[in-house]
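Visitor: Chain residues, written in single-letter form:
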Amino acid sequence: MDFFKRHFLVALAAVLGLVAVAYVGSQTKLQILFGVAVPYLAALIFVEGLVYRLIVWARSPVPFRIPTTAGQNRTLPWIKRSLDDKLDNPDTFKYLLGRMALEVLAFRSLFRNLRTELRKDPDNPEGARLIHWSYKWLWLGAIAFHYAFLVVLLRHLRFFTEPVPMPIQLMEHADGFFQFFVPAVYLSGIVMVVALFYLLARRITNPSLRYISLAADYFPLFLILGIGISGILMRYVYKVDIVAVKQLALGLVTLHPVVPPGIAPIFYVHLFLVCVLFAYFPFSKLMHAPGVFFSPSRNMVANNRWVLHVNPWNYPVKFTPYLQYEDKFREAMIEADIPVEKES
Amino acid sequence: MDEKYKNEFGAFAPRPQVEKKFYNGKYIFAGLIVFLAMVALPFLPNVGKTIPPPVRQLDTPVIQKIAEKDRQCIMPTEWMRANHMQMLIDWRDNVVRTNEKGAPNGRYFKAPDGQKFLASLTNTCMECHSNKEKFCDQCHNYVAVAPNCWGCHLTEGKKLAEAK
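Residue numbers (our numbering), protein chains in the order written: chain P, 1042 to 1385; chain L, 5 to 168.
Honestly, the hints are just simulated from the structure, not real lab data. Note that CB positions come from ideal geometry on N, CA and C, so glycine has one too. Among the hints, erroneous ones may be present.
What the hints assert, rightly or not - Derived contacts from chain L toward chain P, CB cut-off under 8 Å, selection only:
| hint | residue |
| --- | --- |
| 1 | VAL22 |
| 2 | PHE26 |
| 3 | ASN28 |
| 4 | ALA34 |
| 5 | GLY35 |
| 6 | PRO46 |
| 7 | ASN87 |
| 8 | ILE93 |
Could you put together the complete structure from these sequences and hints?
Guide: See the structure below:
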């Protein structure tokens, strides 16, 4: 089996296996396991793993500032700097915050994404032309997915709070604004799944990207797709007793867990996949979420030109000053007519 | 301690001795605490409480008149809990939007046991379940659902004229 198929199918089989485990398991007497034990365990692993990873990261010194070539650094007063330069190559904390905000909220680095391709050349029909073009589709897919996922997550607070806070209800109304189908279709769910399919298709159809994609790249995609699809099926097709679902969810967060009878297995599939996502999060590429705050080329003021930064792992280096060198080789140097500082 | 980097020509430079401490720890852990606090915030007011789920009240006059063993909705209760919205919207579409004279499923709903019911929220469902606050609204509020039935349907007093 070739490399791509192996990594693709392993990840797909893993997610389908998880679905099967939850589907079969929830029909036995193990509902307490899938409804209570697994969610608590997943929350515990998520928090512990997150703290652990942050401790490891906090122990790594990041001594050097990396001014980016995308913006003119602060220099001689007559070299003008536009707002872009200040945001891309910030010299003060204020603009640094601006750069981080653009990065975290608007995915600015992805927006700069370039694609390099061989295209047909009208001037040279026999050959091809190498072009670099600004490829925004990745940025669009990524930002659509992330914001839709955020809205989906926040929307689910209606199951975990009682009474449901007003902002959550407003968000839900806005999300179901078109009142299309019953129950009203949430736009965020559709956007999320479509964006995920795009991100997956991009990985599969682009040969160079397919070549570097591992099971760890496909697994989160399939997992979140599984969550999205099971959620959408549960809302619009295979309906569950939603009051019982809320009772279970509220029980979890009030620390009085209950497993009301009569919840269909598809709910447990959905819940189990979410638990796996939380438990998997700290040990995977999904840590890019906290990691974006740690980007060394983004989160430091580019002040190398006027502040000295000392490498914390510098060790004393043995070196020979010039005069000692001359003392050692003076005679040979005079013989070879090399000028010396001192004659004897 | 004297561990050195190695290449094919041998050891060449001491490995960096990085002091074991937190660098920028205060920012990192402050960020972590802010994140965990934000996650916990929506849940904190209810921690430790027991919140009872709403109980559907079936004590309306019409239901009281029916003998205990005959109290049966037009579909099984479990099914109704999950799917009533679908049924109501199908009724609406059949009656208001697509109904033609003599259409088989237009004005009437045929239950699995063969009984026929008038497909009407106000006249059929709310004949028995006349207690909207205690039957419909409780659960809808509990799961923060705002169905738009009541934009048109009268909830009390007047009934629609009998269709026929």
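Visitor: Hints first: check each against the structure and report whether it holds.
Guide: Results for each hint:
Below 8 Å, beta-carbon pairs count as interface contacts, and VAL22(L) has one with chain P at about 5 Å; its hint therefore holds. Checking PHE26(L) against chain P: minimum C-beta separation of about 5 Å stays under 8 Å; hint holds. Of the supplied interface hints, the one on ASN28(L) holds, with its beta-carbon coming within about 7 Å of a beta-carbon of chain P, less than 8 Å. For ALA34(L), the interface hint is violated, since its Cβ never comes within 8 Å of a Cβ in chain P; the closest pair sits about 11 Å apart.
Below 8 Å, beta-carbon pairs count as interface contacts, and GLY35(L) has one with chain P at about 7 Å; its hint therefore holds. For PRO46(L), the interface hint holds, since its Cβ comes within 8 Å of a Cβ in chain P; the closest pair sits about 5 Å apart. The restraint placing ASN87(L) at the interface with chain P holds, with a minimum CB-CB distance near 5 Å, inside the 8 Å limit. The interface hint given for ILE93(L) is met, as the beta carbon of that residue sits about 4 Å from the closest beta carbon of chain P, less than 8 Å.
Of the numbered hints stated above, the single one contradicted by the structure is hint 4.
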